[in-house]
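Visitor: Sequence:
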Amino acid sequence: MYIECSRNSRGISMNNFVRITSARAAIGHDDRGRVVLARVEGKSLVRGVNLFQFADMLIKRGVVNAVNLDGGGSSLLMEGDTILNYPGDYCHIDGADPLFQCPRNVSTVLCVHDIEECSHGDCNCKCTCEAGWYGKLCEQPCSRNRYGLGCKSVCNYCVLNKSFCHHVTGQCVCYPGFAGEKCNKICDGNHYGVNCAQKCSCVHGTCSRIDGFCTCDEEWAGKKCDKQKWL
Numbered sequence: 066m067y068i069e070c071s072r073n074s075r076g077i078s079m080n081n082f083v084r085i086t087s088a089r090a091a092i093g094h095d096d097r098g099r100v101v102l103a104r105v106e107g108k109s110l111v112r113g114v115n116l117f118q119f120a121d122m123l124i125k126r127g128v129v130n131a132v133n134l135d136g137g138g139s140s141l142l143m144e145g146d147t148i149l150n151y152p153g154d155y156c157h158i159d160g161a162d163p164l165f166q167c168p169r170n171v172s173t174v175l176c177v178h179d180i181e182e183c184s185h186g187d188c189n190c191k192c193t194c195e196a197g198w199y200g201k202l203c204e205q206p207c208s209r210n211r212y213g214l215g216c217k218s219v220c221n222y223c224v225l226n227k228s229f230c231h232h233v234t235g236q237c238v239c240y241p242g243f244a245g246e247k248c249n250k251i252c253d254g255n256h257y258g259v260n261c262a263q264k265c266s267c268v269h270g271t272c273s274r275i276d277g278f279c280t281c282d283e284e285w286a287g288k289k290c291d292k293q294k295w296l
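Numbering-wise (this note's numbering), the sequence shown opens with residue 66 and increments by one.
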């Protein structure tokens, strides 16, 4: 991308314009709606700030939106709240007054919105949510009966034994003690937990299919029912 210079010549890349050290000026408003006029003294390639530094400076001072004024070196807040032209850089174009800055045919928009990061998606001034998420910042999972991109897919088959639908994949998430595609299988006596994935450790007793807690036989004690009681 190029910015347009005098005589419509194309010689300065936008990337260089944004990154060079220079005087900067902007008009905008803060989070209370007050007009803000900002100015950083400088000279191109010698002193000042680049646009990234300028934006960070404005954000730290509560500015939520601003417009960079004609490249930055052409305006200054003077007495009476009047914005006047400012001789930041000397002009060397033929026929131009060398005491004032060169005329520029472009003004750049400096977006300084302090945008919150998207939790589960790509941010391009607006969050584009990944599958299974919604909300302004993609911070909320789909409700229990919906899943997928935009939470548009309906899940009506995960209804047994307190199961619910996974907000991303649509697969049934089983309550501890159950397994199977639709969570319709009860854990056997040797397994417990979610999807019956944990193995019981009860030596002389029965195992809770939910949390694996051992209920010992009459003559046994201990967490694993492996200690015999003395009668």
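These are calculated hints, taken from the structure and not from any lab test.
Please note: incorrect hints may appear among the correct ones.
What the hints assert, rightly or not - Dumping the calculated BS3-like pairs for lysine-lysine here, alpha-carbon to alpha-carbon at most 25 angstroms:
#  : residue 1 : residue 2
1  : K227      : K264
2  : K217      : K250
3  : K288      : K264
4  : K292      : K264
5  : K217      : K201
6  : K227      : K217
7  : K264      : K247
8  : K217      : K264
9  : K264      : K250
10 : K125      : K108
11 : K227      : K247
12 : K250      : K125
13 : K227      : K201
Unchecked claim - Now the in silico label distances, taken between C-beta atoms and shown as ranges:
#  : residue 1 : residue 2 : range
14 : V238      : K264      : 33 to 41 angstroms
15 : Q236      : R97       : 30 to 38 angstroms
16 : G245      : K125      : 30 to 38 angstroms
17 : T193      : T280      : 29 to 37 angstroms
18 : K125      : K217      : 36 to 44 angstroms
19 : G215      : G127      : 48 to 56 angstroms
20 : Y240      : E195      : 24 to 32 angstroms
No residue lacks a Cβ here, since even glycine has one placed at the ideal position from N, Cα and C.
Visitor: Honestly, which of those hints from before does the structure not fit?
Guide: The structure conflicts with hints 2, 8, 12, 13, 14, 15, 16, 17 and 19, although it agrees with all the remaining ones.
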